Amino acid sequence: MSDLAAILAVARKDLLQEVRGRAVTVATLFFSAVTLVMMAFAIGQDAALLQRSAPGVLWVALAFAGVIASAQSFQSDLEEGAFDQLLLYPVPRASVFLGKLLANWLYLTLLGLLMTPVTLVLYGAPAGPRAWLLVPTLALGTLGFALIATFYAALTANLRAREALLPVLMFPVVVPVLLGAVRASEATLQLSNAALTGGWLQLLGGFDLVYLVTCTAIFHLVVEE
Amino acid sequence: MTDPHETRKRPPWLRALGLVTLVLFAVGAYLALVVSPPDVNQGQLIRMMYAHVAVAWVCFVAVIVTALYGMLFLWQGKHLNDARAVANAEVATFFAGLTLLSGMTYSKPTLNTYWTWDAKLTLTALMFALLVGYFVVRGLIDDPTRRGRVSAVIGIVVAVSLPFNYLAAAWFRTLHPTLSVAVTGIHMAPTMLVVLLFNVGVAALVYLTFVSERVRIARLERAREEARERRERGAAEGEVVRV
Amino acid sequence: MGDTGVMPAPDASPEVPAIALDGVTKRFGREPVLRGLRLEMAPGRVAVLRGSNGAGKTTLLRLLATRLRPTSGHGRVFGYDLQRGGDEVRRRVALLSVLGGNYAMLTARENLALAATLTGLPDADVDGALAHVGLAQVADVLTRTFSSGMKKRLGLARLLLVDAPLWLLDEPFAALDEDGKRLLEDALASARAGGRTILMASHELERSSRFADAVLELEGGRLLRAGSGA
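Chains as they are written, first to last, in our numbering: chain A, -18 to 206; chain B, 573 to 815; chain C, 113 to 342.
A few of these clues could be false.
To be verified - Just a sample of chain A residues kept apart from chain B, beta carbon distances all over 10 angstroms, derived:
1. L(-15)
2. R(-7)
3. G2
4. A4
5. T6
6. F11
7. T16
8. M19
9. R33
10. A75
11. L83
12. T90
13. L91
14. G105
15. P107
16. E144
As the list claims (entries may be wrong) - Derived DEER-like restraints, expressed as beta-carbon distance ranges:
17. C/E316 / B/A799: 40 to 50 angstroms
18. B/R802 / A/A8: 42 to 52 angstroms
19. A/P110 / B/Y686: 40 to 50 angstroms
20. A/A8 / C/D235: 35 to 45 angstroms
21. B/P584 / A/V194: 37 to 47 angstroms
22. B/V708 / A/V41: 18 to 28 angstroms
23. A/A198 / B/L652: 16 to 26 angstroms
24. C/E143 / A/A145: 24 to 34 angstroms
25. A/L30 / B/V708: 33 to 43 angstroms
26. B/R802 / A/A14: 58 to 68 angstroms
27. A/L30 / B/L792: 52 to 62 angstroms
Just so you know, the hints here were simulated from the structure itself, not pulled from any lab data. Please read these numbers as outputs of a predicted model, since none were measured by experiment. Heads up, the beta-carbon is just placed ideally off N, CA and C, and yes, glycines get one too.
With the rest of the complex left out, here is chain A (with noise of 0.2 angstroms):
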């Protein structure tokens, strides 16, 4: 049995049980529409910083859905021993770590996906020709939150601490997504100078490679009790 598949198939069960379960994108989806909401309120009628709004609200919605989305896939885990159960097998701990950061990455990516027209649609921000520099951004940003995200969620449920000393844990370290994301955003949005965008994109995969590498290497260290 190869690493990969094992990692194949936590990442699966992952997805299986939150389509089946709804847990995450319920509360993900709504509480990121509630924030694009209140905060549109919030800024006011300026349709020019509403506008300029935009990419910082929408990061900072997936941002916090991230939090949300690690908690809980850690949390199901936990209620009946599946998660020790999951340790128990001879599966290298950076393949358990691997296949829960897939399915929640690949969870935010569709949620941002999902945002990003609503987004622009509500806050009056048009596509423009190099919108579909959207897509790489939003996988390399919401990687970098998955991460970060995923590892922390992990630490936090081993302790059993409380679920607000996630965000506390995780948002210092993931600043320079959430920059990196936005500023790129804004880049391909061209409410700010294109040219940037490049360098961006590149301060987010720098992050993405760097922590993918440290946190799988030092993942097992986290859930050993």
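Place chains B and C on chain A using the hints.
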């Protein structure tokens, strides 16, 4: 067999270090407050800069050292390394606080605002938040070994976040170029450079003194722990049960 | 029954103990739960672990399954160190825990299939195992709706499927009805006949002692053979 009373006293080298640090601190303060000429642009306020920069740099170094000792603990399992990591994290947190405070004291008179999105300040604020997280997680774990291992993990993530957060803070700054007085923007007379470096050295000495003292205390605590563990284990081992 | 899995038979000669604990201590806070345990269990033997609630039986079983790290001391399963050889140990161990370890939003079959895949036995006879424990009718039902007895049976099916050389069971008879208990007894008897090593924590004296080679007591964190003084 070491005399338990003797080990509780501060060792001579540490006392000497503390004394030297105190003296050099006074010298550094004198240099900063009296010897250094006032800045062309900022006048007397530049004197705050010496403290501010000094503690900021030491804070970042301490964060990296925390991670290094954490990794050492993971590798060798010696609790002393975990104690060293914690000592460094404590100093880092303290110095981060000082950096933020000095930064705010600095910017209020010059820019009439308490907070600027200065790259260094932003980075320090993030580090402070991360270090708070480090201690919160530590507080959740009772078992010393597990606590050390999980702390090491957090320490590593915090250290890895340094360059990324710095980049983010710096690039963020370039998007808001209006409010800030970067250190590099100051025209540094040679005297000022000397004073600055001297004070950085003093800050480093303060750091070393704090860490050494803290580790010494942790060592004593640990010795007491180990004595208790040894007593327990000694009483516990029974015959091998064979099935 | 033992043919459902293709786990390697105990690869150790009888000289290598199935379990070897040397001064294993485990503490979660200030007080140790397990103190300086020393145990040697030969392959193919069956032992029952007794002790009051909270005595540390579950802790010991989880430690042997590498779910927990010992605070001090060393342990080996079939010669592989618990800390350094974790993967190898897990390949040879199966744990039936009190909670069952099932995913509520997956069906019985999916749960077993996952277990099979993650144990490296993608072609294992999942349906056979389900039939054996009497869950064939509910193979495609979400385990969320299962009673605790059914969840236990599913756990047993997993054990049969994986067929590890060392079985660790935590209160296996709890929650099972008469049928279930008989099923478990048969499974244990077959496993024993097939050379499997079994360590079982159980309050159920009669049934579990039936084929046990030894009864062990865990009290005050110390391990004793039942009937010995001290």
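How the hints compare with the structure:
1. L(-15): holds (25 angstroms)
2. R(-7): holds (27 angstroms)
3. G2: Holds, because the least Cβ-Cβ distance between A/G2 and chain B comes to about 28 angstroms, which exceeds 10 angstroms.
4. A4: Label holds. Min Cβ-Cβ 25 angstroms, cutoff 10 angstroms.
5. T6: holds (29 angstroms)
6. F11: At roughly 28 angstroms from the nearest Cβ of chain B, A/F11 sits farther out than 10 angstroms, so the non-interface label holds.
7. T16: holds (22 angstroms)
8. M19: holds (25 angstroms)
9. R33: It holds; A/R33 is separated from chain B by about 12 angstroms at its closest Cβ, greater than 10 angstroms.
10. A75: holds (14 angstroms)
11. L83: holds (20 angstroms)
12. T90: holds (21 angstroms)
13. L91: holds (26 angstroms)
14. G105: Holds, because the least Cβ-Cβ distance between A/G105 and chain B comes to about 22 angstroms, which exceeds 10 angstroms.
15. P107: holds (22 angstroms)
16. E144: holds (13 angstroms)
17. C/E316 / B/A799: 40 to 50 angstroms: Hint holds: Cβ distance 42 angstroms, inside 40 to 50 angstroms.
18. B/R802 / A/A8: 42 to 52 angstroms: holds (51 angstroms)
19. A/P110 / B/Y686: 40 to 50 angstroms: For B/Y686 against A/P110, whose Cβ atoms are near 43 angstroms apart, the range 40 to 50 angstroms holds.
20. A/A8 / C/D235: 35 to 45 angstroms: holds (38 angstroms)
21. B/P584 / A/V194: 37 to 47 angstroms: At roughly 46 angstroms between Cβ atoms, A/V194 and B/P584 fall inside 37 to 47 angstroms, so the hint holds.
22. B/V708 / A/V41: 18 to 28 angstroms: holds (23 angstroms)
23. A/A198 / B/L652: 16 to 26 angstroms: holds (24 angstroms)
24. C/E143 / A/A145: 24 to 34 angstroms: The hint (24 to 34 angstroms, Cβ to Cβ) holds, given that C/E143 and A/A145 are roughly 29 angstroms apart.
25. A/L30 / B/V708: 33 to 43 angstroms: Taking Cβ atoms as reference, A/L30 and B/V708 lie about 37 angstroms apart, which means the hint holds.
26. B/R802 / A/A14: 58 to 68 angstroms: At roughly 60 angstroms between Cβ atoms, A/A14 and B/R802 fall inside 58 to 68 angstroms, so the hint holds.
27. A/L30 / B/L792: 52 to 62 angstroms: About 59 angstroms separates the Cβ atoms of A/L30 and B/L792, which means 52 to 62 angstroms holds.
Hint compliance for this structure: no hint is broken.
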